[in-house]
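Going down the list, the protein sequences come from chains A and B.
Offset between the first sequence (1-based) and our numbering: plus 194.
Offset between the second sequence (1-based) and our numbering: plus 194.
No lab work stands behind these hints, which were simulated from the structure alone.
Misleading hints may appear alongside valid ones.
For chains that are exact copies, the list does not tell them apart, and a pair is met inside one copy or across any two.
Pairs of lysine to aspartate or glutamate residues, derived as EDC-like cross-links and limited to a Cα-Cα distance of at most 20 Å, are as follows [unchecked claim]:
{"#": "1", "residue 1": "Lys252", "residue 2": "Glu586"}
{"#": "2", "residue 1": "Lys234", "residue 2": "Glu257"}
{"#": "3", "residue 1": "Lys600", "residue 2": "Glu352"}
{"#": "4", "residue 1": "Lys500", "residue 2": "Asp481"}
{"#": "5", "residue 1": "Lys500", "residue 2": "Glu547"}
{"#": "6", "residue 1": "Lys366", "residue 2": "Asp390"}
{"#": "7", "residue 1": "Lys252", "residue 2": "Asp390"}
{"#": "8", "residue 1": "Lys366", "residue 2": "Glu581"}
{"#": "9", "residue 1": "Lys600", "residue 2": "Glu257"}
Remember, predicted model here, so these are calculated numbers, not experimental data.
Protein chains: 2
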Amino acid sequence: MSGKAAIVGSGVIGSGWAARFLLNGWDVAVFDPDPDAQRKTAEVLDNARRALPALYNKSLPPEGTLSFHTDLGEALSGASWVQESGPEQLAVKHAIHRDLSRLAPADAVIASSTSGFTPSALASEGARVIAAHPFNPVYLLPLVELVGDGPTCARAAEHLRSVGMFPLIVRKEIDAHVADRLLEAVWREALWLVRDGICTTEELDEAIRMGFGLRWAQMGLFETYRIAGGEAGMRHFLAQFGPALKWPWTRLTDVPELDDALVGLISEQSDAQSGHLSIRALERQRDDNLVAILRALRRSNSGAGKVIATHEATFPEPSPATPPVTVRRQIPQTWADYNGHMNEAAYLGAASEASDRFMALIGCDEAYIAQGGSYFTLESHVQYLAELRVGELITITTQLLSGKGKTLHLFHRLNGPDGETAATIETLLVHVDLRTRRSAPPSERVAALIAETAMAHAALPAPAAAGRGIAVRTSSAGAG
Amino acid sequence: MSGKAAIVGSGVIGSGWAARFLLNGWDVAVFDPDPDAQRKTAEVLDNARRALPALYNKSLPPEGTLSFHTDLGEALSGASWVQESGPEQLAVKHAIHRDLSRLAPADAVIASSTSGFTPSALASEGARVIAAHPFNPVYLLPLVELVGDGPTCARAAEHLRSVGMFPLIVRKEIDAHVADRLLEAVWREALWLVRDGICTTEELDEAIRMGFGLRWAQMGLFETYRIAGGEAGMRHFLAQFGPALKWPWTRLTDVPELDDALVGLISEQSDAQSGHLSIRALERQRDDNLVAILRALRRSNSGAGKVIATHEATFPEPSPATPPVTVRRQIPQTWADYNGHMNEAAYLGAASEASDRFMALIGCDEAYIAQGGSYFTLESHVQYLAELRVGELITITTQLLSGKGKTLHLFHRLNGPDGETAATIETLLVHVDLRTRRSAPPSERVAALIAETAMAHAALPAPAAAGRGIAVRTSSAGAG
Chain A
195 MSGKAAIVGS GVIGSGWAAR FLLNGWDVAV FDPDPDAQRK TAEVLDNARR ALPALYNKSL
255 PPEGTLSFHT DLGEALSGAS WVQESGPEQL AVKHAIHRDL SRLAPADAVI ASSTSGFTPS
315 ALASEGARVI AAHPFNPVYL LPLVELVGDG PTCARAAEHL RSVGMFPLIV RKEIDAHVAD
375 RLLEAVWREA LWLVRDGICT TEELDEAIRM GFGLRWAQMG LFETYRIAGG EAGMRHFLAQ
435 FGPALKWPWT RLTDVPELDD ALVGLISEQS DAQSGHLSIR ALERQRDDNL VAILRALRRS
495 NSGAGKVIAT HEATFPEPSP ATPPVTVRRQ IPQTWADYNG HMNEAAYLGA ASEASDRFMA
555 LIGCDEAYIA QGGSYFTLES HVQYLAELRV GELITITTQL LSGKGKTLHL FHRLNGPDGE
615 TAATIETLLV HVDLRTRRSA PPSERVAALI AETAMAHAAL PAPAAAGRGI AVRTSSAGAG
Chain B
195 MSGKAAIVGS GVIGSGWAAR FLLNGWDVAV FDPDPDAQRK TAEVLDNARR ALPALYNKSL
255 PPEGTLSFHT DLGEALSGAS WVQESGPEQL AVKHAIHRDL SRLAPADAVI ASSTSGFTPS
315 ALASEGARVI AAHPFNPVYL LPLVELVGDG PTCARAAEHL RSVGMFPLIV RKEIDAHVAD
375 RLLEAVWREA LWLVRDGICT TEELDEAIRM GFGLRWAQMG LFETYRIAGG EAGMRHFLAQ
435 FGPALKWPWT RLTDVPELDD ALVGLISEQS DAQSGHLSIR ALERQRDDNL VAILRALRRS
495 NSGAGKVIAT HEATFPEPSP ATPPVTVRRQ IPQTWADYNG HMNEAAYLGA ASEASDRFMA
555 LIGCDEAYIA QGGSYFTLES HVQYLAELRV GELITITTQL LSGKGKTLHL FHRLNGPDGE
615 TAATIETLLV HVDLRTRRSA PPSERVAALI AETAMAHAAL PAPAAAGRGI AVRTSSAGAG
C-alpha cells in the first residue's frame with residue numbers, strides 16, 4: 195500500500211511524518227508557509243535516512259517523490275492521507291481544517307497530530323478530522339493514537355501499519371488521549387521536584403533512564419507490576435500498594451478510589467493481557483529484553499550502558515599465559531539464533547574480541563588506535579566443531595602464527611564450558627594507518643612486542659587446521 | 195572491592211540484592227523467617243545467573259558464598275553491607291532497624307530498600323540507617339536512590355558502584371524519593387484512565403512501550419523535551435507547553451506555577467546537563483540509541499520490535515535471478531566498530547542472513563525448520579576486500595558450489611553501494627536433524643530444489659577464491 199500524503203505544517207512532527215511516508219515509498223507533498231520549511235524538512239529527512247532503514251534487515255522500497263507547495267489545493271490534490279501538524283491552538287486548527295475538509299479528496303483520511311484536543315473539539319465547525327497523535331521522532335517510534343470516527347480510524351490504521359507504525363485506537367475521547375495524560379502527570383510531578391529543589395533536571399533524567407525507563411521500553415506499567423506481584427498475582431500487588439494512594443507520594447492528590455470494582459477491573463484486564471504467561475515466563479521475557487536493551491546501550495556507551503562498560507573496566511584481566519587467554523565470558527541471549535544455539539556470526543564476534551585483546555597485549559590498545567594506527571582483518575576462517583548454548587562460559591586462547599612486517603597471523607581456539615575446543619578461528623590482519631586507510635608498518639614498540647610474543651609462541655605446535663581451505667568432506671558433527 | 199552482605203528479608207527485592215552481591219563476588223548471608231525463603235531466593239538467583247553475566251564481555255568474578263540464617267546476629271556478623279527489604283510498614287521497619295543497629299558491625303552500611311519512607315522516619319527511634327532504594331529486577335537495573343547521612347551515602351555509593359550499580363544521591367528527604375514520585379503520578383493517572391473506561395491495562399501498556407517508554411530507556415524527560423524544543427531550546431519548549439498545565443490534561447490537578455523563576459531554573463539546569471551538545475548531536479545520539487534498542491527488541495520479537503518484524507515481512511523479495519540476490523539492506527549503526535567501519539563479524543552476520551534466505555529458496559524455510567530439519571554451518575571463510583560504512587546499501591548474491599547429500603557448499607559475494615565486491619564468504623553447511631543434533635539427509639523436496647538450483651548454477655564460473663586457505667601474502671588493501 196502506498197499513495198500520496200499531504201503534510202500540512204512541517205515542524206519537527208510534520209517533517210517526521212513526511213519522512214515516515216517518503217521512506218516507505220509514498221509521494222509526499224508538503225505545505226508550510228514558513229520560508230525555512232525546506233531546510234528544516236531536509237534536516238529531519240537526513241536523520242530519518244540514517245535511522246529508519248537501519249531497523250530493517252531488508253532494504254525499504256524506493257523513496258517516493260517529495261514536493262513543496264505554497265498552494266494548499268495543489269498539495270492536497272490526489273492525496274489519500276492528509277496530516278495536519280499545526281500549532282496547538284484551537285482557533286488556528288479550526289481555520290486549517292475548514293480548508294482541508296473543503297479541498298482534500300473525498301476519500302482521503304484527514305488527521306491531526308494534536309496532542310491535546312479531541313476530534314470533536316477540532317470538528318466543532320463541521321470539519322471531518324480524526325486525531326492521529328504520533329511521538330517524536332515520528333520516523334522511529336511506532337505509536338500513533340487514533341481517536342474519532344470508527345470506520346475512518348479503522349482505515350487509517352491500515353495505512354499506518356503499512357508504513358510500519360502501531361496504531362492504538364482510543365475508543366473514548368478525552369483531552370490529551372492516553373499517553374500524554376501519563377506524560378503530563380510525570381511532567382507536573384517533575385516540575386514540583388525541580389521547583390522544590392529535591393533534584394536537578396539531570397538527576398531526574400537519571401532516575402528515569404537508569405531504572406523504570408528501561409522497563410518501559412519493553413513492557414508497560416501493568417505488566418511490570420503484574421510481575422512485581424509475583425506468584426500471588428495482580429490482586430496481591432494492588433492490595434500491597436493500594437494504601438500508598440492515600441499517602442502524600444506525589445503532589446498530585448486527586449486520587450481515584452481503589453475499591454473492589456476497580457481492583458476487579460484491573461485484575462481481569464491484566465489476566466486477559468498477560469494471563470497466558472506464567473510469572474516465571476514473564477520474568478524471563480523481561481530479563482531477556484533488558485539484557486538486549488542494556489547490551490544495545492553499552493555499544494553506544496549511553497546511560498545504563500555506560501554504567502556496565504565502566505564497571506567491566508574494573509574486572510581483572512586473566513593472568514598472562516602462553517598462549518594468552520584473550521576472552522573469558524558467558525554467552526548472552528543476544529547471540530542465540532533460531533537453531534537454539536550460538537549463531538555462526540557470534541563465533542566470529544567472539545574471535546573479534548579475542549583479536550582486540552591480543553592487539554592490546556602487543557601495544558595496539560585504545561591509546562595507540564587514537565593515535566591513528568590499527569589492524570584491519572583481511573581474512574578469517576572459522577571451523578565450527580561443537581554447538582554452544584546461551585549461558586555457557588567460553589574461553590579463547592590466541593596463538594601467534596606469524597607477525598613479520600605489516601601482517602599478523604593469529605589462531606584462536608574457542609573452548610566450551612568443559613574445555614573442549616568448540617571452534618577454531620584463523621585470522622590474518624594487516625596493520626593500517628587510519629588516516630590513509632592503507633597498510634603501514636606498526637610502531638617500533640608494537641613490532642618489538644610482536645617479536646617478543648613470537649619468540650614465546652615459537653615453541654607451540656603449529657595447528658593442523660591452519661592454512662587449510664574449505665573442502666567438502668564426509669562429516670558427522672554439526673555446530674555453528 | 196568485595197566483602198560480606200547481610201540480606202534481611204528475601205522477597206523479590208531482597209533476593210535481587212542477594213543476587214547482585216553474590217554474582218559480583220561478595221559473600222551473602224540471608225536472614226528471613228519465611229520457611230520458603232531458600233526456594234524463592236534460588237528462583238531469583240536462577241534468573242540472575244542467566245541475565246547479569248550476559249551484560250558483560252568478560253566473565254564476572256567467581257561467586258561468593260551464600261548462606262541462610264535463622265539467627266540475625268550470625269547473619270550480620272562481619273557484614274560490611276546490611277540491606278533490609280522488609281514489608282513497607284513503619285512499625286515493622288522500626289523493630290527490624292532497632293536490632294540491626296544493635297547487632298551489625300559498627301562500620302557496616304545499614305540500608306533500607308524502602309520505596310516510600312524517609313531515612314528520618316526510619317531512624318526516628320535512634321537507628322542508624324540510610325535509604326538505598328533499588329528497582330526490580332535489582333540484579334539488572336542499575337539505579338539505586340541513596341538518601342540520608344552524607345558520609346554514609348558517599349561510602350555506600352562506592353560499594354554500589356563496585357557491584358555495577360548507579361547510585362543517585364538524593365540530597366533532600368522526601369516521601370517516595372524521586373523515581374517513585376514519578377511512578378506514583380503515572381500510577382494514579384493510569385488508575386483514572388482504566389476506571390473511566392478510556393483504555394484497558396493492555397492498551398495503556400502499549401501506549402507506553404510503543405512510544406515514550408522507548409525514549410526513556412536512554413534519555414530522561416528533560417533531555418528529551420530539550421530536543422523537542424529544537425534549535426530554539428528549552429525556554430521555547432516551556433513557553434510552548436506551559437499553557438497545557440492550566441488545562442485538564444490529567445486528573446492530577448495540583449499544579450505548580452510555571453513562573454519566570456521556575457522556567458529560569460529548568461533552563462539553567464538543562465543547559466548544565468546537555469548544553470555541551472547541539473540539538474543535532476542530541477538527535478543523533480537519541481536516534482542511534484533508539485535504533486539499537488529497537489533492533490534489540492526485534493531479536494526478541496517483543497513490543498516495538500515485533501511491529502518492525504511484522505512490517506518487514508510485507509516487503510517484497512528481490513525477483514529471482516541466477517545467482518539469487520539473498521540480502522539487500524542498509525548497514526545499521528549497530529554493525530560499526532571502533533575503526534569506523536563495518537565490523538568483521540557483521541560481514542559474517544550478513545552472510546548468515548544470506549544463507550538463511552538461500553535455505554528458504556531451497557525449501558528449508560521457517561515451516562521446514564519447525565518440523566525439525568535445518569542446516570548448521572561447518573566452516574566459513576571470509577575475505578575482506580573493502581571497507582564498508584554505516585548507512586551504505588549492501589547486496590549479497592549466493593552461488594551454489596555443490597549440494598550433494600547432506601552438505602551445502604555456498605559462495606556469497608557481498609557487494610558495496612557501487613556494486614564492487616567488498617567481501618566473499620565461502621560457507622560449508624550440513625543438513626541436521628534438530629532432535630538428534632546430528633547430520634541427516636534433507637527432505638526429498640529440499641534435495642530436488644537443490645538439484646534444480648545446481649543445474650541453474652552449473653553455468654556460473656567457479657570463483658577463484660573458493661577452496662583456498664589463508665596464506666600470508668604481501669598486501670596493500672585493508673578492510674574488515
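Verification of the supplied hints:
In the homo-oligomer, the alpha carbons of lysine 252 and glutamate 586 lie at most 20 Å apart only across protomers (13 Å), although the nearest pairing inside one protomer, at 31 Å, exceeds that limit. In this assembly of identical chains, lysine 234 and glutamate 257 lie within 20 Å of each other by CA distance solely inside one copy; the values are 19 Å within and 54 Å between copies. Taking identical chains as interchangeable, the C-alpha atoms of lysine 600 and glutamate 352 are never at most 20 Å apart, the minima being 57 Å within one chain and 44 Å between chains. In this assembly of identical chains, lysine 500 and aspartate 481 lie within 20 Å of each other by CA distance both inside one copy and across copies; the values are 19 Å within and 17 Å between.
In the homo-oligomer, the alpha carbons of lysine 500 and glutamate 547 lie at most 20 Å apart inside one protomer (18 Å), although the nearest pairing across protomers, at 30 Å, exceeds that limit. In this assembly of identical chains, lysine 366 and aspartate 390 lie within 20 Å of each other by CA distance solely across copies; the values are 9 Å between and 36 Å within a copy. For a Cα distance limit of 20 Å, the shortest separation of lysine 252 from aspartate 390 qualifies neither inside one copy, at 50 Å, nor across copies, at 43 Å. For the identical chains of this complex, lysine 366 and glutamate 581 are neighbours neither inside a copy (53 Å) nor across copies (54 Å), given an alpha-carbon limit of 20 Å.
Taking the closest pair of Cα atoms, lysine 600 and glutamate 257 never come within 20 Å of each other, the shortest separation being 44 Å inside a single copy and 42 Å across copies.
Violated hints for the displayed structure, listed by number in ascending order: 3, 7, 8 and 9.
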